[in-house]
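There are 2 protein chains.
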Amino acid sequence: MFANVAERAERQPVLAVSTVIFSLRDDERTGRKSLWLPLVRRTREPFRGQWALPGGPLGPRDSLVDTAANNLRDTTGLVPRYLEQLYAFGDMDRSPTRRVVSIVYWALVREDDDHNTATAANSELLDDPNVAWFRADDPEVLANLAFDHRDIIEYALWRLRNKVEYGSIAHRLLGERFTLAQVREVYEAVLDKALDPANFRRQLRTAANIEETDEFLSGGKHRPPRLYRYTGSTTHPLESENIS
Amino acid sequence: MFANVAERAERQPVLAVSTVIFSLRDDERTGRKSLWLPLVRRTREPFRGQWALPGGPLGPRDSLVDTAANNLRDTTGLVPRYLEQLYAFGDMDRSPTRRVVSIVYWALVREDDDHNTATAANSELLDDPNVAWFRADDPEVLANLAFDHRDIIEYALWRLRNKVEYGSIAHRLLGERFTLAQVREVYEAVLDKALDPANFRRQLRTAANIEETDEFLSGGKHRPPRLYRYTGSTTHPLESENIS
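Sequence lines, in order, name chains A and B. First residue of the first sequence: 1, per the UniProt record's numbering; consecutive thereafter. First residue of the second sequence: 1, per the UniProt record's numbering; consecutive thereafter.
No wet-lab data here; the hints were simulated from the structure. C-beta atoms are modelled at their ideal positions from N, C-alpha and C, and glycine is treated no differently. There may be inaccurate statements among the hints.
[Stated by the list, open to error] So the derived label-pair ranges between C-beta atoms look like this: (1) A:A132 - B:E239: 28 to 34 Å; (2) B:D137 - A:K193: 24 to 30 Å; (3) B:R29 - A:P46: 38 to 44 Å; (4) A:K193 - B:E239: 52 to 58 Å; (5) B:E176 - A:P237: 48 to 54 Å; (6) A:D137 - B:G219: 50 to 56 Å; (7) B:P225 - A:P46: 33 to 39 Å; (8) B:T231 - A:D192: 23 to 29 Å; (9) A:P237 - B:P57: 25 to 31 Å; (10) A:R48 - B:T235: 25 to 31 Å.
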């Protein structure tokens with residue numbers, strides 16, 4: 001199974017496309033929301049039986065982003081509205097059998113999205129024992145992933161914590177309208193710690209690109225909370241690709 | 001020369017690595033500094049005779065970033081201290097002969113760097129008529145580039161204008177210490193417009209991650225200007241790869 005180094009080096013690298021999909025879900029362990037992601041159990045060598053990011057070889061007639069979307073739909077039933085390119089991973093030793101360069105896409109999806117699309121697109125996938133959602137920072141899961149997929153997920157989490165505007169993250173994980181309490185849940189999930197609600201509201205008002213709407217959350221509450229919305233940002237078309 | 005669509009689609013894609021290198025240079029047209037980049041004239045089909053980004057196929061024993069660095073050194077004599085991954089371009093029709101997926105790296109280099117390294121590493125390259133520096137936004141140059149290299153350069157310029165901290169840009173284009181006037185020249189080059197010095201100083205103090213040093217620019221001036229430095233940022237190792 002293991003090609004020797006010289007042989008391996010001479011062969012053309014395989015080009016693969018993988019995806020990291022984050023969604024917000026309840027976490028019984030902490031009582032807060034946390035970030036979850038879908039993984040697929042490998043049914044072939046290398047790393048047979050281990051969990052891996054959804055992915056596969058570049059489709060000969062598909063763009064990079066369409067390859068990512070098709071594979072994601074086929075393996076997990078998920079159809080996110082957009083995918084963003086995360087990074088290309090190409091170290092020599094990523095796979096024991098052959099050099100693989102993986103171009104990784106990522107997306108944030110709403111909890112209702114992932115349920116709906118999974119149900120609608122491919123209901124039998126819901127019972128597939130080789131597809132499951134995991135907490136994105138579960139140490140046991142991360143330690144046993146195939147290939148360098150642990151590094152990939154940890155880099156995606158780092159990007160989420162350090163680089164992206166929180167207004168945009170909230171918009172993508174929550175939808176068009178959200179309460180400040182929901183935005184706090186997003187922050188708590190991404191940072192993995194509880195935040196003081198009053199301090200958080202004060203800081204958020206001056207920082208994130210979020211603005212009040214005239215709407216309030218409907219429901220049975222005595223005093224329904226106000227809804228906010230994301231005010232948008234400058235995103236290049238290449239950074240948030242629509243799936244064709 | 002042109003494979004038909006079906007044939008082309010069946011063949012394995014070629015993996016290439018290209019680089020976009022920006023440097024600040026005097027621009028006689030405007031009297032300000034502007035962004036320049038090195039291009040290499042193609043000596044083979046496709047696009048023979050047209051200018052292109054320095055690049056080549058993935059080295060069988062090299063990482064992605066080392067492939068970028070080796071090719072850059074061999075074609076232009078440039079040895080930047082770091083390279084950052086910009087984006088992977090993989091559309092079907094990028095090359096008329098065969099599908100090519102290009103992973104593009106980029107860097108900002110100091111003017112003295114590019115001269116020194118070119119001289120030291122490979123002095124004959126300085127006389128090579130197939131290597132030259134161009135203004136990064138020269139419409140005539142952009143209109144006649146090989147492949148989709150115009151799109152790549154325009155995306156890199158967009159990233160520079162929209163995404164990166166200016167403190168970091170100044171640090172990379174200017175070095176460890178710089179005056180506020182030099183930082184203004186960087187802004188003017190990136191935005192391609194003259195800025196009011198007094199307004200600029202006021203805004204810069206509150207915005208960019210730049211701090212005063214106790215040093216002043218040496219030279220013959222009556223009142224030498226103060227030197228500033230970049231205060232750093234959170235950069236993931238993957239986002240600024242050192243070349244091995």
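Is 50 to 56 Å a correct range for the gap between the Cβ atoms of D137 of chain A and G219 of chain B? holds (53 Å)
Between the beta carbons of P237 of chain A and P57 of chain B, is the distance compatible with 25 to 31 Å? Since the Cβ atoms of P237 of chain A and P57 of chain B sit about 28 Å apart, the hinted range of 25 to 31 Å holds.
Is 33 to 39 Å right for how far apart the beta carbons of P225 of chain B and P46 of chain A are? With Cβ atoms ~59 Å apart, the hint is violated.
Consistency of beta-carbon spacing, D192 of chain A to T231 of chain B, with hint 23 to 29 Å: Holds, since T231 of chain B and D192 of chain A (Cβ atoms, about 27 Å apart) stay within the stated range.
At the C-beta level, are A132 of chain A and E239 of chain B separated by a distance inside 28 to 34 Å? At roughly 31 Å between Cβ atoms, E239 of chain B and A132 of chain A fall inside 28 to 34 Å, so the hint holds.
Taking the Cβ atom of R29 of chain B and the Cβ atom of P46 of chain A, is their distance within the range 38 to 44 Å? violated (56 Å)
Whether the CB-CB distance between K193 of chain A and E239 of chain B falls inside 52 to 58 Å: violated (24 Å)
Would you say the C-beta atoms of R48 of chain A and T235 of chain B sit inside 25 to 31 Å of each other? violated (37 Å)
Just tell me: holds or violated, for the beta carbon distance of E176 of chain B and P237 of chain A against 48 to 54 Å? Given a distance of about 36 Å, which is not inside 48 to 54 Å, the answer is violated.
Assuming the hint says 24 to 30 Å, is it satisfied by the Cβ distance from D137 of chain B to K193 of chain A or not? violated (45 Å)
Of the numbered hints listed earlier, those contradicted by the structure are 2, 3, 4, 5, 7 and 10.
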